[in-house]
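Engineer: Got chain C sorted already, so can you dock chain G onto it with the hints?
Order-wise, the sequence lines are chains C and G. Under the numbering used here, residues 7 to 119 are what the first sequence spells out, in order. Under the numbering used here, residues 695 to 809 are what the second sequence spells out, in order.
What the hints contain is simulated information worked out from the structure, not anything from laboratory work. Where is the CB? At the ideal position from N, CA and C, for every residue including glycine. Keep in mind that the hints are not guaranteed to be accurate.
As the list claims (entries may be wrong) - Straight-line C-alpha distance at most 30 Å; calculated DSSO-like pairs for lysine-lysine:
#1 C:K9 x G:K764
#2 G:K751 x G:K765
#3 G:K751 x G:K764
#4 G:K764 x G:K703
#5 C:K75 x C:K111
#6 G:K751 x G:K708
#7 C:K111 x G:K703
#8 C:K75 x C:K58
#9 C:K111 x G:K751
Said to hold, decoys possible - Facing chain C, from chain G, some residues (calculated, C-beta under 8 Å):
#10 F784
#11 Y799
#12 F800
#13 G801
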Amino acid sequence: DAKTTQPPSMDCAEGRAANLPCNHSTISGNEYVYWYRQIHSQGPQYIIHGLKNNETNEMASLIITEDRKSSTLILPHATLRDTAVYYCIVRVGSGGSNYKLTFGKGTLLTVNP
Amino acid sequence: NAGVTQTPKFRVLKTGQSMTLLCAQDMNHEYMYWYRQDPGMGLRLIHYSVGEGTTAKGEVPDGYNVSRLKKQNFLLGLESAAPSQTSVYFCASSYLARDRGYEQYFGPGTRLTVT
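Isolated chain C, as found in the complex (with noise of 0.2 Å):
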């Protein structure tokens, strides 16, 4: 899989963009972009994944790079509730039958009032 690499911490303003960039300069051709998120003492949430076009959903936007080496992750308008650390993992999405995540350190994301 490929290795990512994200920033330790980042901080953002309630009722701001938050945008969190996630490097992986190695990833595969059939390798996907997913990114979760894991509020203090709870089990990571998955939040949106991709393989090469931009991808949205109710909770997030996910915005890949054309060579695929970086992506951002946008809340449009975080809130307190989406203090948490992110993980952005990148994995082969199709052969085999091992589907495990391996998650790095992540991202600690707060949200200010």
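Structural biologist: Relative to chain C, chain G alone:
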């Protein structure tokens, strides 16, 4: 629809004692997983299962055993607990579909302390 539930939520064991953690999911998922999370670290995969009656080792399987006798349940056992197994344990489940297999749903966790 309860999603993924874990029993118990908290437990304190003495070194050498045994226990079983229960994970249950009501989403008819094929895949189930057990992770552990130590302070300040990401999750590490202990064991996983790709279907009823099957199990496989993850990154840190030593000291743990698992069973998947029913599709909806995944049990994690500690035969002889050690202080190094003090951790928060998370269970997760996911679909069979190749792409959605990484859309894992996690339980609330079990906080285990071994003294």
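Engineer: Now, for every hint given, state plainly whether the structure supports it.
Structural biologist: Hint check results:
1. C:K9 x G:K764: Status violated; Cα separation ~35 Å.
2. G:K751 x G:K765: holds (18 Å)
3. G:K751 x G:K764: Cα-Cα ~18 Å, so holds.
4. G:K764 x G:K703: holds (21 Å)
5. C:K75 x C:K111: Holds - the C-alpha atoms of K111 (chain C) and K75 (chain C) are around 19 Å apart, at most 30 Å.
6. G:K751 x G:K708: Distance of about 25 Å is within 30 Å: holds.
7. C:K111 x G:K703: Holds, at roughly 24 Å.
8. C:K75 x C:K58: holds (11 Å)
9. C:K111 x G:K751: holds (22 Å)
10. F784: Hint holds; F784 (chain G) Cβ to chain C Cβ min 5 Å, cut 8 Å.
11. Y799: holds (7 Å)
12. F800: With Cβ-Cβ at 3 Å, under 8 Å, it holds.
13. G801: holds (5 Å)
Comparing the model with each numbered hint stated earlier shows that hint 1 is the single one that does not hold.
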